[in-house]
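Construct the entire structure; sequences and hints are all you get.
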Amino acid sequence: MPIPRSRRRIGRPRPTDLVDVDPYAPAEPEATIPVHRWRQAPKGLATRRQLRERRLRPGGQDPVAVIECRGGKRMAFLYEIEKAKPIRPMTFAMEVALDKAMAARQTCPKCSRRYYHCLPLRTLGSCLECYDGTPAAPDSYLHHSVGHLAVAA
1 MPIPRSRRRI GRPRPTDLVD VDPYAPAEPE ATIPVHRWRQ APKGLATRRQ
51 LRERRLRPGG QDPVAVIECR GGKRMAFLYE IEKAKPIRPM TFAMEVALDK
101 AMAARQTCPK CSRRYYHCLP LRTLGSCLEC YDGTPAAPDS YLHHSVGHLA
151 VAA
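Numbering-wise (the numbering used here), the sequence shown opens with residue 1 and increments by one.
There could be a bad hint or two in this list.
Claimed, not checked - Quick list of simulated restraints, FRET-style, between CB atoms:
| hint | residue 1 | residue 2 | range |
| --- | --- | --- | --- |
| 1 | GLN50 | ALA97 | 22 to 30 Å |
| 2 | CYS118 | ARG74 | 20 to 28 Å |
| 3 | MET94 | GLY60 | 49 to 57 Å |
In short, the hints are calculated from the structure, not lab data.
Virtual Cβ for every residue (Gly too), placed ideally from N, Cα, C.
Written out as structure tokens, the structure is:
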């Protein structure tokens, strides 16, 4: 009498054939970066804000580590301070462009006053004095001559 063949189903993988794949894992295992807890990062590493305080920028380098804050709810990349480059100085054209952008946020479209603070233009559409009559303090806005209002427009 012949020996019966095993009843193996074709098309279903065996449990030994299954592979656990993480689609978000990097291709190389050495591409993962270390994770440090709050205030436990090694010397010589800094976040973007800490680099900015030293008047530095990452300068194209990739982050070398991650620091976790608030129990892992927030994270920040860490960069090597030695590889950081100095920040670029502001040119006159950059300063003019920044002044135009700030003038658009600080100038009331109704009374054309430029304030020292940004106005709630999205919600109110104007300064408080034009919106509801609340008087503005004289030292809270600039007193322009007619020629300076061209920058705000």
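- Message: Just to be sure I understand the hint, the distance between the Cβ atoms of GLN50 and ALA97 should be within 22 to 30 Å; is that true here?
- Response: Given range 22 to 30 Å: holds, Cβ gap about 27 Å.
- Cβ separation of CYS118 and ARG74, checked against the hinted range 20 to 28 Å: With Cβ atoms ~26 Å apart, the hint holds.
- Range hint 49 to 57 Å: satisfied by the CB atoms of MET94 and GLY60? violated (20 Å)
Hint 3 alone, counting from the list given before, is not met by this structure.
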